[in-house]
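Single-letter residue listing:
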Amino acid sequence: MKKLFKITIYSIVFGSLFILNSCSKSNENSTGNIKIQNEFIFAVNTVPFALNQKYVHPKTFDTLTYTQFRFYISNVRIQKEDGSWWNENESYHLISAKSAEEASFTISNVPAGNYTAMEYTLGVDSARNMAGAQGGALSVANEMFWDWNTGYIFLKAEGNSPQSSTGSFAFHLGGFSGTNNIVTKKTTNFNGAKLTVSGSVTPSIVFLANPARLWHSSPSVATRSTIHMPGAPAVTMANDFYGNYSFKEIK
Amino acid sequence: MKWLFILFIFFLSCTPKAKEDFMAMPKHFPKPSYSIKINENKFELGKQLFFDPIFSKDSTISCGSCHHQDVAFADSRPFSLGVRNQVGKRNAPALQNLMWSKSFFWDGGVGNIELIPLNPITNHKELDESMVNIVFKLNRAQTYSSQIKTIYQTDTINSYQVLELLTQYQAALISDQSKFDDYLRGNSKLSTEEMQGYSLFQTKCGSCHEGPLQSNYSFRNNGIYKAGDTDLGRYEISIIESDKGKFKVPSLRNIELTAPYMHNSSLTSLEAVLNHYESGIHKTATLDSSLRNGILFQTGDREKIIAFLKTLTDREFLKTNRYRR
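Chains A and B are the protein sequences, given in the same order. Read the first sequence against this note's numbering and you will find it ends at 992, with the numbers running on by one and no gaps. Read the second sequence against this note's numbering and you will find it ends at 609, with the numbers running on by one and no gaps.
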């Protein structure tokens with residue numbers, strides 16, 4: 742009996758190893774990776790943006806030094822030439838302006854082929870806002886979560902400004918229900934370009950993010966230097982930033 | 285061949301040794317909002333974390349410093365003391381039957397049971413810590429390394445697991461052994477006075493304090509909130525004008541022991557609570573329409589209602605060693 746059991750276990754282990762092995766081989770040809778990159782600019786395309794640098798805002802004339810700029814991109818899907826969609830699993834990514842590395846992420850196991858569009862969400866869907874403790878990009882250890890008012894902070898912009906009465910600013914934007922909802926679904930057709938996925942090269946989709954847009958229609962930090970909960974001021978800021986966030990190129 | 289054998293051993297060692305689901309679900313309760321299976325090992329470690337002051341910035345207080353088992357994990361102080369003896373603005377409620385609750389805290393600000401601990405952890409007047417630092421301190425101290433190894437097969441713990449463990453302990457705080465429970469189970473009778481109190485309670489209080497847990501978990505203004513109050517309750521979460529002064533309807537289990545009452549600890553006895561409902565209602569725009577004229581009691585009604593409320597006391601819950609560190 743014991744022996745039979747052992748033999749069964751052995752064959753299961755061998756069998757599954759064999760299957761796993763053969764899978765990974767065929768995968769090499771039929772899937773590839775895509776890199777999603779974010780380029781940060783300040784107000785105009787010619788001014789690159791980085792943390793810990795002084796900028797003067799063209800509308801509010803505030804002098805702003807950002808110490809942190811992070812936001813979520815989630816639920817990425819891409820559309821094949823034939824119209825079918827491929828969805829990334831567990832698609833939650835935290836972007837940070839801190840470094841080029843933290844401003845990008847890689848999607849793997851994408852079926853090879855030509856793609857003509859991408860859909861993505863800025864923010865975190867309401868289901869995940871209401872779900873319990875989570876790992877990965879959604880881990881509470883990232884401190885992108887409100888503890889007293891359940892929900893993710895979709896975008897965190899913090900820094901210093903002499904125009905603020907406290908000398909600093911902190912904008913924590915989020916909200917997933919009713920009129921406070923800022924979960925924003927967007928699509929791009931790559932401006933007509935084609936995205937080719939294959940096992941041999943990893944194409945990059947580049948997006949432009951412009952942290953100056955937070956103040957496109959919001960008042961100077963002299964008037965309001967913090968947002969710490971969902972509500973109308975967060976909706977205005979998020980709409981301005983999310984609306985402007987856009988596809989740049991495929992590299 | 286040897287490694288195959290090791291793999292085999294590994295499979296064997298994965299088989300769970302701890303009792304899964306060792307808490308029985310009370311059959312006379314409604315359907316819970318969460319179906320959390322309590323694992324004995326996780327519950328035990330969760331309990332140790334609940335009482336470990338490593339959760340506070342200066343290692344002085346723990347969850348258990350404000351939530352005391354002998355009063356159903358509420359606090360007899362009107363406002364609990366946090367780190368550096370700071371005083372908060374609301375009364376610590378009883379922690380019981382949380383799996384049946386639809387939201388947490390007086391304003392319902394936290395929507396999921398697993399995320400409860402983040403609020404007291406980061407609150408500057410409570411534990412004043414960060415999850416990241418707690419995880420760091422726990423891993424550095426290594427106090428629980430053998431338990432962590434048994435449960436998660438890893439040497440270190442992460443924030444997700446800390447939340448899971450605390451959830452296991454909190455979810456297991458089930459109070460279902462009161463005299464009222466025995467009555468609902470059909471095992472014993474209430475006295476005539478208690479029975480009369482029960483039916484008065486159902487007609488006069490049951491529109492909010494509904495069902496076997498005495499709550500429908502809605503947000504209501506029961507006339508405690510008054511003009512000029514800075515604690516706006518549900519409004520602080522929803523920013524909807526009509527939510528000003530509304531608070532979550534609390535369960536009344538173990539109510540005999542959880543004084544002072546209401547979010548602001550403004551009432552110190554059950555008699556005072558009934559006086560409030562009869563003639564102490566503060567009239568503000570959002571006051572519940574059913575309370576505009578107060579609740580009228582005939583002679584003897586109050587005593588009967590209080591006699592009923594005392595049947596909700598669950599001595600077993602208050603003293604069982606299972607919840608003790």
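Mixed in with the good hints, there may be bad ones.
With a straight-line Cα cutoff of 30 Å, these simulated DSSO-like cross-link-like pairs (lysine-lysine) come out [unchecked claim]:
#1 A:Lys897 with B:Lys433
#2 A:Lys800 with A:Lys897
#3 A:Lys897 with A:Lys795
#4 B:Lys510 with B:Lys421
#5 A:Lys800 with A:Lys989
#6 A:Lys800 with A:Lys926
#7 A:Lys795 with A:Lys935
#8 A:Lys926 with B:Lys567
#9 A:Lys897 with B:Lys594
#10 A:Lys897 with A:Lys927
#11 A:Lys897 with B:Lys567
#12 A:Lys821 with A:Lys989
#13 B:Lys567 with A:Lys839
#14 B:Lys603 with B:Lys386
#15 A:Lys839 with B:Lys341
#16 A:Lys897 with B:Lys341
#17 A:Lys897 with A:Lys989
#18 B:Lys463 with B:Lys341
#19 B:Lys473 with B:Lys373
#20 B:Lys594 with B:Lys510
#21 B:Lys373 with B:Lys603
#22 B:Lys386 with B:Lys510
#23 B:Lys528 with B:Lys409
#24 B:Lys421 with A:Lys897
#25 B:Lys386 with A:Lys897
#26 A:Lys800 with A:Lys776
#27 A:Lys776 with A:Lys897
Over the 12 Å line for every Cβ pair with chain B, so calculated as not near, a few chain A residues [unchecked claim]:
#28 Leu835
#29 Thr857
#30 Asn883
#31 Val947
Which bits of chain A does chain B cover? Going by a derived footprint, with three or more residues having C-beta under 8 Å, they are [said to hold, decoys possible]:
#32 782 to 788
#33 888 to 897
It should be emphasised that the hints constitute simulated quantities derived from the structure, not laboratory data. For each residue, glycine too, the CB sits at the ideal point set by N, CA and C.
So, going through the hints one by one against the coordinates:
With a CA separation close to 36 Å, the supplied pair Lys897 (chain A) and Lys433 (chain B) exceeds the 30 Å bound. In summary, the hint linking Lys800 (chain A) to Lys897 (chain A) is supported, as the alpha carbons are separated by about 21 Å, within the 30 Å threshold. Using a Cα cut-off of 30 Å, the hinted pair Lys897 (chain A) and Lys795 (chain A) holds, with the two alpha carbons roughly 18 Å apart. Pair hint Lys510 (chain B) plus Lys421 (chain B) does not hold up; C-alpha atoms about 43 Å apart against a cutoff of 30 Å.
Proposed proximity of Lys800 (chain A) and Lys989 (chain A) is supported: the alpha carbons are some 24 Å apart, at most 30 Å. Restraint check for Lys800 (chain A) and Lys926 (chain A): the C-alpha separation of about 27 Å stays at or below 30 Å, so the hint holds. Proposed proximity of Lys795 (chain A) and Lys935 (chain A) is contradicted: the alpha carbons are some 38 Å apart, above 30 Å. Between Lys926 (chain A) and Lys567 (chain B), the direct Cα distance comes to roughly 44 Å. Violation of the 30 Å bound is thereby established for this hinted pair.
A distance of roughly 49 Å separates the Cα atoms of Lys897 (chain A) and Lys594 (chain B); the hinted pair therefore is violated under the 30 Å criterion. Restraint check for Lys897 (chain A) and Lys927 (chain A): satisfied, since their Cα atoms lie roughly 20 Å apart, inside the 30 Å limit. Using a Cα cut-off of 30 Å, the hinted pair Lys897 (chain A) and Lys567 (chain B) is violated, with the two alpha carbons roughly 40 Å apart. Proposed proximity of Lys821 (chain A) and Lys989 (chain A) is supported: the alpha carbons are some 20 Å apart, at most 30 Å.
For the given pair, Lys567 (chain B) sits about 53 Å from Lys839 (chain A) by alpha-carbon distance, which is inconsistent with the 30 Å threshold. Distance hint between Lys603 (chain B) and Lys386 (chain B) is fulfilled; the C-alpha atoms sit about 27 Å from each other, no more than 30 Å. This hinted pair checks out: Lys839 (chain A) and Lys341 (chain B) have alpha carbons roughly 28 Å apart, not beyond 30 Å. Of the supplied pair hints, the one linking Lys897 (chain A) and Lys341 (chain B) holds, its CA atoms being roughly 24 Å apart against a limit of 30 Å.
Between Lys897 (chain A) and Lys989 (chain A) the alpha-carbon distance is near 23 Å, which keeps this suggested pair within the 30 Å criterion. The hinted pair formed by Lys463 (chain B) and Lys341 (chain B) fails the criterion: a straight-line CA distance of about 41 Å is larger than 30 Å. Distance check on the hinted pair: Lys473 (chain B) and Lys373 (chain B) sit about 40 Å apart at the alpha-carbon level, beyond 30 Å; violated. Under the criterion of a C-alpha separation no larger than 30 Å, the hint pairing Lys594 (chain B) with Lys510 (chain B) is consistent with the structure, at around 29 Å.
Taken as a hint, the Lys373 (chain B) and Lys603 (chain B) pair is honoured in the structure, with Cα atoms around 28 Å apart against an allowance of 30 Å. In summary, the hint linking Lys386 (chain B) to Lys510 (chain B) is supported, as the alpha carbons are separated by about 26 Å, within the 30 Å threshold. With a C-alpha separation of about 24 Å, the suggested pair Lys528 (chain B) and Lys409 (chain B) falls inside the 30 Å cut-off, and the hint holds. Restraint check for Lys421 (chain B) and Lys897 (chain A): satisfied, since their Cα atoms lie roughly 26 Å apart, inside the 30 Å limit.
With a C-alpha separation of about 29 Å, the suggested pairing of Lys386 (chain B) with Lys897 (chain A) holds against the 30 Å cut-off. Between the alpha carbons of Lys800 (chain A) and Lys776 (chain A) the distance comes to roughly 34 Å, so the proposed pair goes past 30 Å and is violated. Only pairs whose Cα atoms come within 30 Å are accepted, and Lys776 (chain A) paired with Lys897 (chain A) is accepted, the gap being roughly 23 Å. The Cβ of Leu835 (chain A) lies farther than 12 Å from every Cβ of chain B, with a closest approach of about 14 Å, so its non-interface assignment holds.
Residue placement check: Thr857 (chain A) keeps its beta carbon more than 12 Å from all beta carbons of chain B (closest about 38 Å). Listed as outside the interface, Asn883 (chain A) is inconsistent with that label: its C-beta sits roughly 9 Å from the nearest C-beta of chain B, within the 12 Å cut-off. At the 12 Å boundary, the C-beta of Val947 (chain A) stays outside the reach of chain B, the nearest C-beta of that chain being 31 Å off. Judged by the Cβ-Cβ criterion of 8 Å, the stretch 782 to 788 of chain A is not covered by chain B as claimed, because only 0 of its residues qualify and three are needed.
As drawn, the stretch 888 to 897 of chain A meets chain B at 5 residues by the rule of a beta-carbon pair under 8 Å; at three or more, the given contact holds.
Checked against the numbered hints above, the structure breaks hints 1, 4, 7, 8, 9, 11, 13, 18, 19, 26, 30 and 32 and satisfies the rest.
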